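S.K.: So you can see what is in the structure, the chains are spelled out below.
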Amino acid sequence: AQKVTQAQTEISVVEKEDVTLDCVYETRDTTYYLFWYKQPPSGELVFLIRRNSFDEQNEISGRYSWNFQKSTSSFNFTITASQVVDSAVYFCALTSPEAAGNKLTFGGGTRVLVKP
Amino acid sequence: DTEVTQTPKHLVMGMTNKKSLKCEQHMGHRAMYWYKQKAKKPPELMFVYSYEKLSINESVPSRFSPECPNSSLLNLHLHALQPEDSALYLCASSRTSGGRTPPTQFFGPGTRLTVL
Chain A
1 AQKVTQAQTE ISVVEKEDVT LDCVYETRDT TYYLFWYKQP PSGELVFLIR
51 RNSFDEQNEI SGRYSWNFQK STSSFNFTIT ASQVVDSAVY FCALTSPEAA
101 GNKLTFGGGT RVLVKP
Chain B
1001 DTEVTQTPKH LVMGMTNKKS LKCEQHMGHR AMYWYKQKAK KPPELMFVYS
1051 YEKLSINESV PSRFSPECPN SSLLNLHLHA LQPEDSALYL CASSRTSGGR
1101 TPPTQFFGPG TRLTVL
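Protein chains in written order, with this note's numbering: chain A, 1 to 116; chain B, 1001 to 1116.
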């Protein structure tokens, strides 16, 4: 069975502070894929990044960066110099070729509140 | 263009009503999904359609009836719902489903359903 844990339920920061969201996953599959989605108050899940288990390179996209560490089964997400528009719920998710229909297993989500 | 559209945005219905949710994508994707999301919870998969055929039903009650008239459209017919069915219903699509390289799912804005 696959499992994703986002231990932080809510994080509150002041604008321009950095914020790191933790994601720890469990899977027996050797090939798997990890995702981060953003869900603003409007409700839509916005795709942010996808990473497969063979690619441990960290990635930076603007103010967003991701740190994938297979040794600790973690795929953490950092927002640098946070802005009010970053306020949202962020979900980490996992799937694999063995998951029926490539079903996504979501973590519980982390609500980020960025105050002006 | 990574857009999935859903109508209506909001829906209020009584327990004896029949209504339908609609989802549309024009990305040429051949897999479409219905998710249910309760407040402060991650999305839960309900149904998966692959090449217009129902491939996964996550033991959803029969008062929810999915339909995929063509590769671009996905409907969810609702009948005799209960107040606990009130939730955000999200549609998603992806290139395919169930393959060796799980594709990314792209989500629509959702329909907020209230059952009175």
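If you're looking for bench data, these hints aren't it; they were derived computationally from the structure. It should be emphasised that the depicted structure is a prediction, and the values quoted were computed from it without experimental measurement. Some hints here could point you the wrong way.
[Stated by the list, open to error] The list that follows gives simulated cross-link-like pairs (lysine-lysine, DSBU-like), each with its CA atoms no further than 30 Å apart: (1) A:Lys3 - B:Lys1019; (2) B:Lys1053 - A:Lys3; (3) A:Lys16 - A:Lys115; (4) B:Lys1022 - A:Lys115; (5) B:Lys1018 - A:Lys3.
S.K.: Each hint should be assessed against the structure and marked as holding or not.
M.R.: Each hint tested on the structure:
Distance check on the hinted pair: A:Lys3 and B:Lys1019 sit about 35 Å apart at the alpha-carbon level, beyond 30 Å; violated. Taking the CA atoms of B:Lys1053 and A:Lys3, the gap is about 28 Å. The hint holds against a cut of 30 Å. For the suggested pair A:Lys16 and A:Lys115, the alpha carbons sit about 9 Å apart, so the restraint of at most 30 Å is met. Between B:Lys1022 and A:Lys115 the CA atoms are separated by roughly 36 Å; this puts the pair beyond 30 Å, and the hint is violated.
Of the pairs offered as hints, the one joining B:Lys1018 and A:Lys3 is violated, with about 36 Å between alpha carbons and a cut-off of 30 Å exceeded.
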